[in-house]
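Colleague: Sequences are here, hints too, so could you generate the full structure?
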Amino acid sequence: MSSPTPSFPGAAALRETGRLFALGIDVGRATFKRPFQVREFIQQCWFIASVTILPTALVSIPFGAVIALQLGSLTKQIGAQSFTGAASVLAIIQQASPIVTALLIAGAGGSAICADLGSRTIREEIDAMRVLGVSPVQRLVVPRVLAAMLVGLLLNGMVSVVGVLGGYFFNVVMQGGTPGAYLASFSALAQLPDLWISEIKALLFGFIAGIVAAYRGLNPAPGPKGVGDAVNQSVVITFLLLFLVNFVLTAIYLQVVPPKVS
Amino acid sequence: MGVEVVVEGLSKSFGSQAIWRDVSLTLPAGEISVLLGPSGTGKSVFLKSLVGLLTPERGKILINGVDLCRCSESKLYEIRKLFGVLFQDGALFGSMNLFDNVAFPLREHTRKTEAEIRRIVLEKMEMVELVGAERKLPGEISGGMRKRAGLARALVLDPEIILCDEPDSGLDPVRTANLSQLLIDLNAQIDATILIVTHNITVARTVPDNLGMLFRRELVMFGPREMLLTSDNPVVVQFINGRRVGPIGMSEEKDQAAVAAELAGHQSGPPDEDVRGIVPQLEPTPGLPRRQGALRRKDRVMRDLHALPAAARQGVLDSLTDEDRARYGMLAGVGAPVAPAAQPVSAVVPEWQPRHGHLPAPPGAAGPDPSDQRPVRRRGRWRFGRGGGNQRGGRSA
Ligand SMILES: Nc1ncnc2c1ncn2[C@@H]1O[C@H](COP(=O)(O)OP(=O)(O)OP(=O)(O)O)[C@@H](O)[C@H]1O
Ligand SMILES: [Mg+2]
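The listed protein sequences derive, respectively, from chains A and B. Numbering of the first sequence is given in numbering that gives the first Met the number 0, commencing with residue 0 and proceeding in unit increments. Numbering of the second sequence is given in numbering that gives the first Met the number 0, commencing with residue 0 and proceeding in unit increments.
No wet-lab data here; the hints were simulated from the structure. Some hints here could point you the wrong way.
Calculated Cβ distances over 10 Å to all of chain A for the following chain B residues [to be verified]:
1. G8
2. D21
3. G64
4. E122
5. L170
6. R215
7. R216
8. P283
9. A310
Quick list of the computed label-pair ranges, beta carbon to beta carbon [said to hold, decoys possible]:
10. R14/A to E139/B: 38 to 44 Å
11. P61/A to E115/B: 53 to 59 Å
12. M95/B to L53/A: 26 to 32 Å
13. V235/A to E3/B: 46 to 52 Å
14. S72/A to E139/B: 55 to 61 Å
15. S10/B to E39/A: 34 to 40 Å
16. R69/B to R18/A: 18 to 24 Å
17. R14/A to E107/B: 29 to 35 Å
18. T30/A to E107/B: 14 to 20 Å
19. V247/A to S10/B: 40 to 46 Å
20. R28/A to E113/B: 26 to 32 Å
21. S10/B to F31/A: 36 to 42 Å
22. A309/B to R18/A: 51 to 57 Å
Here a beta-carbon is modelled for each residue, glycine too, at the ideal position from N, C-alpha and C.
Modeller: Next up, the structure:
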């Protein structure tokens, strides 16, 4: 199976990428294999939610506020105050909330998944599971990845709501905007596909965060230090991938879906 | 009956570090084999290769005609169900208590009710003397207890091939003796093929049918126990006697100069005694059937007797009982077999089966007379009750 390994610059990186993709495909296939690990799934959802909800809420309020403040002063200068609400909603829902969600899913959820799987790997629990005829991908990785996706979806909704409320509060209360204009402009610029792309992004980010965390967790360098390094790497790799994917998705979306006001 | 494991020309390396090269051996069906070797020679790596956790670069591992190194993932999972593996550190699931750990394979692979699972698990826990610790987490028990729990988990599905990585390390001498007896009894009852990796010389001398030794990236020797126990190979002699002087050094690769200096000069340390030589093998606890593996092995060894070194040959002949001598057509006291057992083994075996058939007597039912009570009860705790005997049927479900 392991044929003589070619060594040219970047070969290792290519190999790792290939394996990461292979794990992604394995997870996709194992998702539909019976029996589905319901209990593990629920436990993981609960766990990931519990480590991410509070930080997400705390991050999204100032995030919404910053966007509202920035846009508020900008729109005032160009005399388009009536669009403040719509612009901040667009910015929050399309960009800010999937990114905030991704950062927290990767930073809080993914690192926990990676550390958990990594310590199981070096304690040979994963090997033991394979030997007992149970696939760790189906048993452990699938529930975690699905949980990361689901929680990502929910968190994204939460960030949107909290962020918009924060924006409203800052715009109306702090900057003296009119509530009516803020709300009215909602429907002027924002449209339903904005929400869809936001949720699709969150789903995809949850998937990537879960897969990368699981991959690094299942293949750590030997020893406890290996697990620490793996967690570190998994967070960094996830961030890189997420921002890249976010860019690509945004570009595609802006091409495909026509803006409401042109 | 157990399954034969054939290893042909296996080589494994990690990056540029070769672990072992060109290892060929056969674990005969239903026999117990022991693999010895200094620390770090890749015994654990060998066991992991046997279950397909590591993929050797070259060679074959044949089980039921399937090459483990080259079969599909799903086939591999299928074949792994034949195995019970005890890892060096027990490899228990840290998030489950001992009961759930031992019950895990049953819950995954059978459709047993909780009551049945409970009965089987408690039986195995009793077998390894862990009753009362079921609710503890692996982090809360001693290393020896983890090891025994790992063994209970490995045995819970009545595997056909049992691999044990240092089952005796971390165990006290009494438990090690119990463990040796347990493995022998287990083999007598389910006729599983067993491979034990160990550093314990007593286990190596009394338990196995076959002995092997890994050293310096090679399989130095593998064959009937008599062969290694009487060997003149300096590595084997040093290892079995636990001597400091010899080819095995701290760094595993002693250089020639150091070896020469040792041989020429100082002999420090406690006086050395030679513990080589063949000691009788452990027998199953009275009341259990005879080990079919041992009988098959005897036939095999007698057939290939001429291929063994003289000392080993003498050892084999000395260990024969009068019954054996009659069977192999030898006159008592005369050296070579007159009519070697050239007849097919299957034709011979029936006469060797115990009169009461295959089924093991239920524990306690075959109890000896009361005067014998105490020691037997001790061993009885380790006895392998075949209570969940119909598990294999449920496994495919
Ligand atoms: N995953 C791995 N990656 C790289 N090298 C490894 C790996 N696993 C084992 N090795 C190397 O293989 C060699 C053999 O290790 P192994 O654990 O099999 O020794 P062992 O014979 O079981 O020793 P001991 O008796 O102490 O348990 C060691 O030199 C170790 O460094
Ligand atoms: Mg080892």
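Colleague: Now tell me if each hint is right for this structure.
Modeller: To see whether the hints hold, each was checked on the structure:
1. G8: holds, 16 Å
2. D21: holds, 17 Å
3. G64: Holds, since 19 Å exceeds 10 Å.
4. E122: holds, 19 Å
5. L170: holds, 19 Å
6. R215: For R215/B, whose nearest Cβ neighbour in chain A is about 23 Å away, the distance exceeds 10 Å, so it holds.
7. R216: The claim stands: R216/B keeps its Cβ more than 10 Å from every Cβ of chain A (closest is about 18 Å).
8. P283: holds, 27 Å
9. A310: holds, 38 Å
10. R14/A to E139/B: 38 to 44 Å: holds, 40 Å
11. P61/A to E115/B: 53 to 59 Å: holds, 57 Å
12. M95/B to L53/A: 26 to 32 Å: holds, 29 Å
13. V235/A to E3/B: 46 to 52 Å: holds, 49 Å
14. S72/A to E139/B: 55 to 61 Å: For S72/A and E139/B the Cβ distance comes to about 60 Å; the hint holds.
15. S10/B to E39/A: 34 to 40 Å: holds, 38 Å
16. R69/B to R18/A: 18 to 24 Å: Taking Cβ atoms as reference, R69/B and R18/A lie about 19 Å apart, which means the hint holds.
17. R14/A to E107/B: 29 to 35 Å: holds, 32 Å
18. T30/A to E107/B: 14 to 20 Å: holds, 18 Å
19. V247/A to S10/B: 40 to 46 Å: The hinted range 40 to 46 Å holds for V247/A and S10/B, with Cβ atoms some 45 Å apart.
20. R28/A to E113/B: 26 to 32 Å: Once the Cβ atoms are compared, 31 Å apart, the range 26 to 32 Å for E113/B and R28/A holds.
21. S10/B to F31/A: 36 to 42 Å: holds, 38 Å
22. A309/B to R18/A: 51 to 57 Å: Since the Cβ atoms of A309/B and R18/A sit about 54 Å apart, the hinted range of 51 to 57 Å holds.
Violated hints: none; the structure is consistent with every hint.
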